[in-house]
Amino acid sequence: MVVMSNKFFESIGGAPAYSMVAVAVKGSVGDAVGGAASRRALRWTVENLLPNVDRLVLVHVMPTVTTIPSPSGSKIPVEELEESVVAMYKRDLRKEYEQVFVPFKKLCGSSKVETLLLEHDDPAKALLKYVSDSEVECLVLGSCSTSFLTRKKGQEMPLTVLREAPETCEIYVICKDRILTKSTNQLSPDNESITLSPDSSSSFRIPQGAEAYTETFSRTRSDRTGLSASSMSSSGRKHSRRPASLPHSNPVSRVFSDAQSSTDIGLVDDEHTRSVIRHSIVSGNKMQSNPGANIKTPKSDVKSEVAQLRKEVETTLSMYKQACEELVHKQTQVKSLSSECIKETRRVITALEKEEMLRKAAAEEKEKHLKAVKEVQEAKSMLAKEFCDRQLAELSALKQSIEKQKVIDQLFLKDGRYRKYTKEEIAAATDNFSSRKIIGEGGYGKVYKCSLDHTPVALKVLKPDSIEKKEEFLREISVLSQLRHPHVVLLLGACPDNGCLVYEYMENGSLDAHISPKKGKPSLSWFIRFRIIYETACGLAFLHNSKPEPIVHRDLKPGNILLDRNFVSKIGDVGLAKLMSEESPDSVTVYRNSIIAGTLYYMDPEYQRTGTIRPKSDLYAFGIIILQLLTARHPNGLLFCVEDAVRRGCFGDMLDGSVRDWPMAEAEELARIAIKCSQLKCRDRPDLDTQVLPALKRILESANERLKREQDNVRPPSHYYCPILKEIMEDPYIAADGFTYEGRAIRAWIQHNQNVSPVTKHRLKHCDLTPNHTLKSAIQEWRSRSRLDLSTTLGSF
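Positions in the sequence shown are counted from 1; adding 296 to them yields the numbering used here.
Quick caveat, the hints were computed from the structure, so don't treat them as lab data.
Across the chosen pairs, the derived CB separations fall in these ranges:
| no. | residue 1 | residue 2 | range |
| --- | --- | --- | --- |
| 1 | Glu636 | Ala313 | 21 to 31 Å |
| 2 | Glu1077 | Glu737 | 25 to 35 Å |
| 3 | Glu737 | Lys817 | 17 to 27 Å |
| 4 | Ala313 | Glu640 | 30 to 40 Å |
Only pairs whose alpha carbons sit at most 35 Å apart, straight line, appear in this in silico DSBU-like list of lysine-lysine:
| no. | residue 1 | residue 2 |
| --- | --- | --- |
| 5 | Lys656 | Lys421 |
| 6 | Lys817 | Lys742 |
| 7 | Lys408 | Lys639 |
All C-beta atoms, glycine included, are put in the ideal place defined by N, C-alpha and C.
Start from the sequences, fold in the hints, and give me the full structure.
Structure follows, in structure tokens:
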């Protein structure tokens, strides 16, 4: 290391020329002045090197970005963020650090200055890498340290750069009172002199004001065969840029001037040369210290001595120049090899990166290939499975289709609307028409209760001795096969060979049996009677609105109104119905020949008189049925009695006495509707769709609301309630204490109360529970009687 004075370049006549000089500056974001050491280094560079420099670069090292601050104040590692966010943050941060160069640019004045921002956690390593990778020939750093023995943290960076910098770059460390370069280990306290002491055996000092500078040459025994390592610090490019000669007044000065013009430190490979230099130094000192003695020396002796010294100096210089040339050659080789090594290293790194990239790409492609092969295999297996499933499904569908077609061919006639039974099936179902199966007998024949296709049915058999009834049978099949309504008895099938009709079975029989019930059989409640009236009207409206022609029943009576298990009414025996091809207007009385069919007390008087059938012919019978449901009396003369009672205001006396809670207003309104429907002429009867049905619906809704209010006031027996839940039980169980509880409630009680009775509070003998089926049936029966909500009936038409 070499320690120079601040006026070093003034003493040698000028600074060397460099093509590119870099100055390391230090500062903080927002600092308008910059670091003092960096200002000193830049000022020294501008004063000493800038005139002979092609490019001047200001270099600043910013810390590496590893975290990014969040709005909450915490720091998030860059690995957890997206690359675009990190890049944007780094770009903004670099813009802030660019402001560090502003005060240093001002110190350079109008000179063209470049700036470079490096990113590294260790500034010394960043600068060394920059020097190695770039074409920088000279690097200038600032330092605040005044002694090598007292270094503070952060001040050893310039020394690290100075110590580890490559030989191809000159390093200058600008301190407060001295300048550091290579070749020495300690500073000189004299600002006006240079001391060189790399463990040398001799040293000397040039007085203040001397026009030349000196260097100490030293060599250890181990280095006698060549140049010392410290002499290799100067490159050939420096030789060509430093002054070739300095103005000296004596030969000794020229010797050291020539030596210094080629390198900072020159080593002499000859013991004789060293002795000559010592002799020259001593002689020079003697001449300067004793000028009077010089004058007295003979002129010839002086000339000979000077000549001898010149020869020795020329020899020394020749040897020195040869050593310098060899040094330059070696340095050139080292630089070339270093450059080739760096290039080769880069090529190797590039090749390794490419190999790694190709290896990763190959691994990814292999994984994709294996995945694709697996998917193809899975797809093949799924396709095979789907193919098998489809084949099985097609076979199953074909089999079902064939079987279904067989069933259809066997069960249905050509029109496909009803089930076709054979004589054998009918005979087997009725036990060969056993009298035990008979449940009724009408104008068409006997009715049997039997089971067909595991379904209870009513089988009506036409009388075999009635040819006229055969025609009615065929007509009834053609009509009933077209009817589907909730209040019309459903035709399930037929046997044309035997003249049999198969209807759905109605558990509660005909309405006629409930209007005048047998002894011991309960009568219908007023609400069920109101509902039957409305449902019958809906069924009639459906028949009268059939397309393409309306259907007239012609024999509507209580015996042809059947009730199912829930007392829902349906119109039966549509066998006498006639498909009307020509409908006669209600306002015109027509006389025509026709076979009169029906029951006398329910037959339309105009139909009896003229033989003309109209849809309103059924309305007369419907009015008589209403009056029968209200009074439970025989239809003979009933219409005139009710008219008289309504006119006198004593209709309540005619109501069925078995029902005690009649709604009088609604019952009397029904009676008035029945009287209108039973007028002698069709023109005087109301329209079923627009007048009768809306009025019946309004009456039924009013009755339904009243029934709900009454049901709300009805309380079940106390033993229907669970002692724990205080609610009506749905699944009653008897416990060991003899009381009945809701099943889920008593189980939860036993589990949480350690087998203690909820009623007696005594410990239960056991935890077994017995279902109370009797009580459960009673509760269900009570619920079925109290839940007579007929809202679905209101929308059936």
